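According to my numbering, the stretch in the sequence shown is residues 21 to 219, in order.
Read the hints as simulated data drawn from the structure, not as lab findings.
The structure displayed is predicted, hence computed values, not measured ones.
Treat the hints with caution; some may be incorrect.
[As the list claims (entries may be wrong)] Here are the simulated BS3-like pairs of lysine-lysine, each with C-alpha atoms no more than 30 Å apart in a straight line: (1) Lys150 x Lys136; (2) Lys150 x Lys175; (3) Lys175 x Lys135; (4) Lys136 x Lys175; (5) Lys150 x Lys135.
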Amino acid sequence: MTSAEGSLGKELEHPPNGAVVVNDVREDDEDDVPMLSSQALEALKEFLAEQNRELEAADDVEEVALVAEDWRLSQFWYDRRTAETVAAEIATLCQTLASPRVSCIACPTLYAYLKKIVPEVPAQLLEYDKRFEQYGTDFTFYDYNQPEDIPSSLKHSFPIVVADPPYLIVDMGEAFNMIFISWCDCMPCAIVRIYFCYK
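Starting from the given sequences, assemble the full structure and let the hints guide the process.
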């Protein structure tokens, strides 16, 4: 809309040749201008104010940056709300342990939010996608088809394990077998909390 189109008291004509002609509006034409009732105007103002508050709140929330999902690898990241909720639950659970360590198997979104919410808790991401090597020593390549093929330093060392296997894994029982990397060797009878996320 041009300033001429938005000016009150002006009327536009659009002749066939594409030119725009602005004519003065006569007094009696002002009755045809649509007007909002005072209640509708207040409701609109309230709606717009709420939208602005939501936008400002969203701007204040720091998103966690991840690599793009790769559907060929059956990757579907958690949304912010889900990731924060699960990370908060894991953080609460960590408070009950003397030496919490968290293994995030195929759930990089959770790993990233754990590091944001409780950076002091050691967390390890076991993931097939090598783009996550950007996490340095917190990343370990992991293939569900070879569940025992992990560094010996990681075996039997996690009291908390969260696994979210790709939906392409047909045999969930077999996928569950890989969870046994979590048994804590310092306390043979330790209870290991295992969270298995799947549809």
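Checked hints:
1. Only pairs whose Cα atoms come within 30 Å are accepted, and Lys150 paired with Lys136 is accepted, the gap being roughly 21 Å.
2. Using a Cα cut-off of 30 Å, the hinted pair Lys150 and Lys175 holds, with the two alpha carbons roughly 20 Å apart.
3. Restraint check: the Cα-Cα separation between Lys175 and Lys135 comes to about 21 Å, which is no more than 30 Å; the hinted pair holds.
4. Proximity of Lys136 to Lys175 is assessed by CA-CA distance (about 25 Å); at most 30 Å being required, the pair is judged to hold.
5. About 19 Å separates the Cα atoms of Lys150 and Lys135, which keeps this hinted pair within 30 Å; it holds.
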